[in-house]
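The residues making up each chain are set out below.
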Amino acid sequence: MRETWVAGAAMNRFGKMAETGREAGARVALEALDRAGVEPKRLGLTIVSNAFGIAEHQAHVGPLLNTALGIPEVPSFTVESACSSSSAALHEAFVHVAGGFSEAVLVVGFEKLSHLDTLAATSYFATGADYTFESQNGATFPGLYATIANAHSQKYGTTPEQLGAVAVKNHANGARNPHAHFQKEISLATYLASPMVASPLRLYDCCPFSDGAAAVVVVAREALPRPAAEPLVIRASARAGDIGDIHDRESLTSLSATRRAADAAFQRAGIERREVQFLEVHDCFTIAEIVALEDLGFFPAGAAAKAGADGTTARDGRLPVNPSGGLKAKGHPVSASGAAQVVEVFEQMNALAGTRQVPHAEVALTHNVGATGSSCSVHLFSRR
Amino acid sequence: MNEETAPAVHSIAAYVHGYAEEKRLLGFRSGCGFVSATWGLLCPRCGKRDLKEVTLSGRGRVAALTVQTVPAEEFVNDAPYAYVVVELEEGGRITGWIPGVRGPEELFIGAAVAWVSSYRPGLQFELRSSSPEDAG
Ligand SMILES: CC(C)(COP(=O)(O)OP(=O)(O)OC[C@H]1O[C@@H](n2cnc3c(N)ncnc32)[C@H](O)[C@@H]1OP(=O)(O)O)[C@@H](O)C(=O)NCCC(=O)NCCS
Ligand SMILES: [Zn+2]
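Chains as they are written, first to last, in our numbering: chain A, 1 to 384; chain B, 1001 to 1136.
Rather than coming from a laboratory, the hints here were simulated on the basis of the structure. Even glycine gets a Cβ: it sits at the ideal position worked out from N, Cα and C. Each hint should be verified, as a subset may be incorrect.
So the derived list for chain A, only partly shown, Cβ under 7 Å to chain B, looks like this [said to hold, decoys possible]:
| no. | residue |
| --- | --- |
| 1 | 126 |
| 2 | 132 |
| 3 | 150 |
| 4 | 151 |
| 5 | 196 |
| 6 | 197 |
| 7 | 245 |
| 8 | 248 |
| 9 | 252 |
Hey, can you work out the whole structure from these sequences and the hints?
So this is what it looks like as structure tokens:
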């Protein structure tokens, strides 16, 4: 395997887009390519993620994107893995480049859903769960994660205030991120006063429905002698799967796909957990950040809930988690989220993160979950 | 087809027909002991083929719960309602909804519940114990 980099990465402001997903995808792709100093003509492949493209009556969007970028001859395909779609696409790009099949691969993830109302969007999202054995029995996505939160609090005593601390922290980070859907701080009191969505999860426990686009340019080191920006070395790209339905899994309080992807990534990278300086983890709901930190091996089971409240995971804490604001505040345009995590790592490692810059940005981890944990990607990055 | 390669158990259509029309909840028990209603050909826990079709009791205890204020689209006229993960008497878990539950204080982990037939697709449960004390 040859050394493989993220040479450029870019995203738009998440929230509500006035343009189509395909326009936004092409714009962030060009920005990522420009940041990398790579001309579109040099791409060997484009991998697109757009899980809910059907909401825009559009499938097979790769060729449209390549046409817009002036490279209709370049092959493309779509990778769908629910909320982990674009990190799965990044994994495929890594495989192509590290394996020597391409010199440069473009990964683009985007989603436009804001024209749907709450119920329709909730129904679209529920298709990522098991329709017959979960959704048809009444579950929504917030509801499924709510059962994890309920079981976690029964087992470990996780409190509403501890869930709230994750929301408060991530909103504080999002307030400093010009890409974020929500750029406002919230207090614990605001959190506790927000309406229930699926007990114990309140409005401020949930990521929002967001539109957005993010792109990552993956290149072989030898193909880019003079990178235009500080590249991220992909030290490991690992994926794992699990039983689709939460209730059929052995544990209701832990995602084994996260554990297995993380173990594989650390082993391949030859990096220790204590070397990781900041993380972007999948916090589609506050409980998901807590469970992720336990499953990734940074805290023992039941011990991560304290980390938000005591400042450990704050931007200036011992282990900054989701300096971007996470899915909670930055927003969660499903297929853009995995790539957007990498944009945050790119901006942090290139000292482009402005007032949300973390103190040390040489080694970072991204963690992206599909659905309720049936798919998971873990990537480890370091500076050269 | 021999025993080893015969597709396990019933179809999804038979499962749905079973609970909706025959008051019968179809599931499987794997050689490793894993019990589930979720359709499959091989056991997702041990990867083996020895699944036996079983009729599930539909009776058990709440293992995890949520009360959803924002409903799934098909449940728009039923919100709020509970969505529960149920640990069956015979082992294994299934999920379903309980109408008329307005808040998490009306339900608890360990509550006895039973599957009941419903006017709509999906598994519906009925609460059998009203407080943690009489749940035993
Ligand atoms: C929580 C949820 C039900 C809210 O629904 P919604 O349709 O976005 O809510 P509304 O449009 O009625 O928004 C009401 C207000 O709350 C704000 N808001 C919406 N979602 C929010 C969130 N998650 N966090 C904070 N504020 C939120 C809106 O901006 C709006 O504010 P305004 O009145 O000042 O404009 C919805 O965001 C949701 O289901 N999120 C989870 C999405 C999901 O499951 N993703 C997959 C995860 S793997
Ligand atoms: Zn088995």
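Hint check: is the beta carbon of residue 150 (chain A) less than 7 Å from a beta carbon of chain B?
-> Hint holds; residue 150 (chain A) Cβ to chain B Cβ min 5 Å, cut 7 Å.
Tell me if residue 132 (chain A) is really an interface residue toward chain B, meaning its C-beta lies closer than 7 Å to one of theirs.
-> holds (6 Å)
Does the CB of residue 252 (chain A) sit less than 7 Å away from some CB of chain B?
-> holds (5 Å)
Closest C-beta approach of residue 248 (chain A) to chain B relative to 7 Å, hint status | It holds, given that the least Cβ distance between residue 248 (chain A) and chain B is near 5 Å, below 7 Å.
Go through the hint on residue 197 (chain A) and say holds or violated, using the shortest Cβ distance to chain B against 7 Å.
-> The hint holds - residue 197 (chain A) has a Cβ within 7 Å of chain B, the shortest such distance being about 5 Å.
Restraint check, 7 Å cut-off on beta carbons, for residue 196 (chain A) near chain B = holds (5 Å)
Verify the interface restraint on residue 245 (chain A): the C-beta must sit less than 7 Å from at least one C-beta of chain B.
-> holds (5 Å)
Was the hint right that residue 126 (chain A) lines chain B, CB cutoff 7 Å?
-> Holds: closest Cβ of chain B sits about 6 Å from residue 126 (chain A), inside 7 Å.
Cut-off 7 Å, beta-carbon criterion: hint that residue 151 (chain A) touches chain B = holds (4 Å)
Going through the hint list in order, the structure satisfies each hint without exception.
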